[in-house]
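Chains as they are written, first to last, in the numbering used here: chain W, 396 to 911; chain X, 671 to 1171; chain R, 42 to 222.
Source of the hints: derived by calculation from the structure; they are not laboratory data. Since we're looking at a predicted model, the values are computed, not measured. Treat the hints with care, as some may be off.
Claimed, not checked - One-sided excerpt, in silico: chain X residues whose CB lies under 8 Å from chain R:
(1) 1088
(2) 1089
(3) 1121
(4) 1123
(5) 1130
(6) 1131
(7) 1133
(8) 1139
To be verified - Derived pair list, reagent style DSS-like, types lysine-lysine, alpha-carbon separation capped at 25 Å:
(9) R:126 x W:692
(10) R:126 x W:419
(11) W:676 x X:1085
(12) R:139 x W:428
(13) W:583 x R:211
(14) W:424 x R:211
(15) R:56 x W:428
(16) X:674 x W:676
(17) X:793 x X:992
(18) W:617 x R:204
(19) W:637 x R:115
Ideal placement from N, C-alpha and C gives every residue a C-beta, glycine not left out.
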Amino acid sequence: MDVKGKRFQDFTKRNEIIKELRGKEAREKQHSKGKLTAKERIDILLDPGTFDEIDAQAQPADAGFGTVKKVMGDGVITGHGKISGRLVFIYAQDFTVMGGSLGSVHAAKINKVQDMALKMGAPIVGLMDSGGARIQEGVMSLAGYASIFYRNVASSGVIPQISVIMGPAAGGAVYSPALTDFVFMTNKTSYMFVTGPNVVKEVLNEEVTFEDLGGAPAHAKKSGVAHFIYEDEENTLLGVQKLLSYLPSNNMEDAPQSKTNGATIGPVDKLRDIVPDDANKAYDIKDVIKLIVDGEKFLEVMENFAQNIVIGFGRLNGKTIGIVANQPKVLAGCLDINSSMKGARFVRFCDAFNIPVLTLEDVPGFLPGINQEHGGVIKHGAKLMYAYSEATIPKITVILRKSYGGAYCVMNSKRLGSDFNFAWPTAEIAVMGPEGAVAILYRKELEAAENPQQFKKEMAEKYRLEIANPYVAYEKGLIDEVIDPAVTRMKLIAAFEALENKQDLKPARKHGNIPL
Amino acid sequence: MKIKSILVANRGEIAVRIIKTAKRLGIKTYVIKSRKDANALYLELADDAFEIPENPAFASEFLDIEGIVALAKEKKITAIHPGYGFLAENPGFAKRCKEENIIFIGPSHEVIYNMGQKTIAKKIATASGIPLIPGSEGEVKNVNDAVKVAKKIGYPVIIKAVAGGGGRGMRIVEKASEMEKLFKQASSEAEKAFNNPALFVEKYLYKPRHIEFQVFGDKFGNVIHLGERECSIQRRHQKLLEEAPSIALDEKLRKKMGDTAIKMAKAVKYENAGTVEFLLDKDRKFYFMEMNTRIQVEHPVTEMITHSDLVEMQIRIAEGEKLPYTQSNVDLEGWAIECRINAEDVQSNFSPNTGIIDMLVLPKGTNIRIDTGIQERSAITSDFDSMIAKLIVHGDTRTKAIQNTLKALNQFRIKGLKTTVPFFKAVLNNKAFVKGNISTDFIGKELDDPCYHEPEEEMLAALLATVDYHAEATSYKESNLEHDRRKNISAWVLNKRMKSL
Amino acid sequence: MNILFKSSDSASTIKYITISDKSKFEVNISPENIIKVNKKVLNVQIEEGTDGFTYIVLGNLKYPMEILERSQNKYTILINGVSYKFTVETPISFNRKKHLEKILDGSKKEDVLAPMPGKIIELLAEEGAAVKENDPLLILEAMKMENEIRTHVSGIVKKINIKPGDTVMKDDVLMEIENNN
């Protein structure tokens, strides 16, 4: 081949154009907004030198209205590469090319990597930074969105799909992230909304800033749309790497094992000290989680939303587990609408990808209130129940302290299909707490008592001794073993190992009817 | 009467301290168990621990007079040691003990009452010719009266709110011409803050020192003092570091103040251990503040320089024995410093730091004494005070004692909580402190940073953060994961996964 | 002459800028773990002592240390019982952050966040009030302790999102303060 010939010159020239397109000017443009370019993001996210681009020279489609400048790539970089040595497919919208707007070719490029990811059984990561639908292309642009959504749903539960919002995502663009498994956002430089502040102002005459309406904090704390928020782009991408290290590449494979598990073997005495003797005192459940998982490493999901339940990934003896835990520090660990939904979706994700689930329980019940009842806490609480019952993965519950009423049933109780249920000696399992139970059972005696306060106290103590303890449930087989908190980690490692090859088949059906 | 058994009506380090001496003397010790403090060290050291039925009227078991007295009677315990704090200076408690024929290790309830009432204590002092901080002795009605009082006692004076505290409604007046303006300001401030404009006038002491004398009396009327302690290092009237003797006193002044302390004790026929507190001004004039009728937190510095055991002396005197020595036998040897190591965050305004102590290594050495009530895995909770340990260090001279204390502080290791150790390092490295140039204003005026930073400390902290971040950031690049895609999944598992689709 | 190999110090060395409120350190870490702080090579070692504590050793300095908190690139390090807060940045992220601060300068707003979940006991400032750095804004009760929440900036209280009696979760925005510097 003549490397100095015309054909090679064309080849080189075309590549030069792309280099130029993603060069200094683009970098300065993005950097001045506090953002990285699409290519820089890909380079940070993937193992060095592993990125292979496809469709780099795709040309935008012709405009149906107005004109579209012909630019190579059509505002999105697609391809594949490796993270921690594992194959991933990736697309990164390029805001410096036509504002990263989505036209039909842009969509087709994304569709291509979506299809390939599904065929290869590899995760797909989308880095979004786009002005929205390309208005010039009209309905073809909308059709492009729909084709992405369709593939998002088709891939759901087969390969992990991760959306990273690193700039604007407005209108139709927000629904692809919503359909994927995890949404990352970068604080201060990204926002998501269906209708923007201008429309809000026009229609409702309400003033709101981009940040307040759809910034990272709004979605992390209020809407629960974002699963992870990070302060800057480097850390956001590092977060994606971290999350993927816990996940299998598809629903047939095993999650990767950590080689360096840094695991302590033997009892952890400190676990005995964390739960206070006083049943009304709060503690941080994350202190317990850290002492159970390998190397105190716990990747919390949705840290700022519905903080009364804690969910996330950790490892036990090198193997990934999902953790669902009540948080006594917030609302006493009560279940409510948001925490039920948060827990339910997480359990279903774990089930889809064969990740065993550990439930740590300290729950006084459901949160009472008109807002909760009228907001549908019945059907939302049912979601968590549904998710636990439906899941065929290994499921283990440890009851640390309170386990009362309906909330007992919900939190992966024995008869809900749990594989192992352990309890600490501090566990209180009953229909309701001592004070409430005494008020109902001894109403007349209380009225008649000389010193009702004293009587109530005595009876509550008696109730605690006779009913609100782990031993009634233990005797009835609803608790498999009451364990010393210090050996919790050892017990769980052994139990999950025993459950590794668990087979639990459900009757054939198209799909169940989860109370959405 | 010989004491055969003692109920320690206290917890923490002082309970441990009392148990240790009692054990040495062959006396059985009993303690009170609190649900809020279930893993405490003192419970393990005592011969037995009992619970007192919870009584919602009291914030703590250790305040339940009837409960404690009933327990002592039920278990036929000879004596009660109240320690410090809680009921130690409650005359009602001492009285109930007496009524039930339980030996209360401390002075009589009358003395506790009299010394506890500031006005009575001051009257007794005045009657005995003991100097008090001169002032208006109560409210001054107007500016003219204030000027009159100030003229009598001499400027500078301080005007304070009768109802007040915390610096509000307080003004220092240097000369008569300022009085009118400052009096009005203070009065209106007091009105706003406490809803009471009343003020009183007192002599303003510039940079006063807190000097206190340990005294002991027996039932034969003998009273001695065991030298002084200087407790000028205070924060919001809370003593933090104490030393004995005081660099501010020479033999002459020591004798003069010691004699005054004894005079005060004798005036009330004092029995057992007590402390007479004085303020000493820059002109070496001293003024009586109050008398504490209990064992003090800082008693170990006195023990160290006098080679005595104050708790043993307390017990002996309570048994009716005579003081073991006379004043001329009391020798002060070397220098002792005590640091109260608390679970507090010095960097955030000394806010209490609660939590569980994961790991603990206490300093050891011939010059070092540690009084503590905690051990590894003890919890510091908001239910009780935040004291972790008292570090008491001896040296031949003050300079030596400071050096030894710094060495000991550097041996102190704790994980799980922040402590006041960096604060003590800051004090002991402070030039004014080393020179002995201290006063009760020391922390506010001389100590620029209450937290000591070792050389290169900040840089190493930054380095540590960076190295950890680097490790994390690069850990996902290389393959730390086992994920061979060709690795065989067992047929059983694969079959299950296919079927469950 | 043909150079076949030349050692390079900078190529794969990773640079970090580690900053606190007061200080800034430039740290370089090479693949061989050669560490430079502010261009000076340091021979440091982190070791676990026989007493179970972790120590950082530099020359004849040996300090006990632990990582109290880490969240993303923000660290709280405890060394000799003294805590230090640092943020670790790369040169690019450091510069970008500066840019970003400039852009957002127009609406320099400080959100006062709840440091822990709890209940609002008392408001100590009202909307429109001018506050100085370190002024108390409100009292938050958490784990049976009353905590004064203070402002880190001077400015005007723009908005108060809570009232006494409200329960708040960690990182909820309690107040917004407009910085007037």
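Could you tell me which of the hints above the structure violates, numbers in ascending order? 10, 14, 16 and 17
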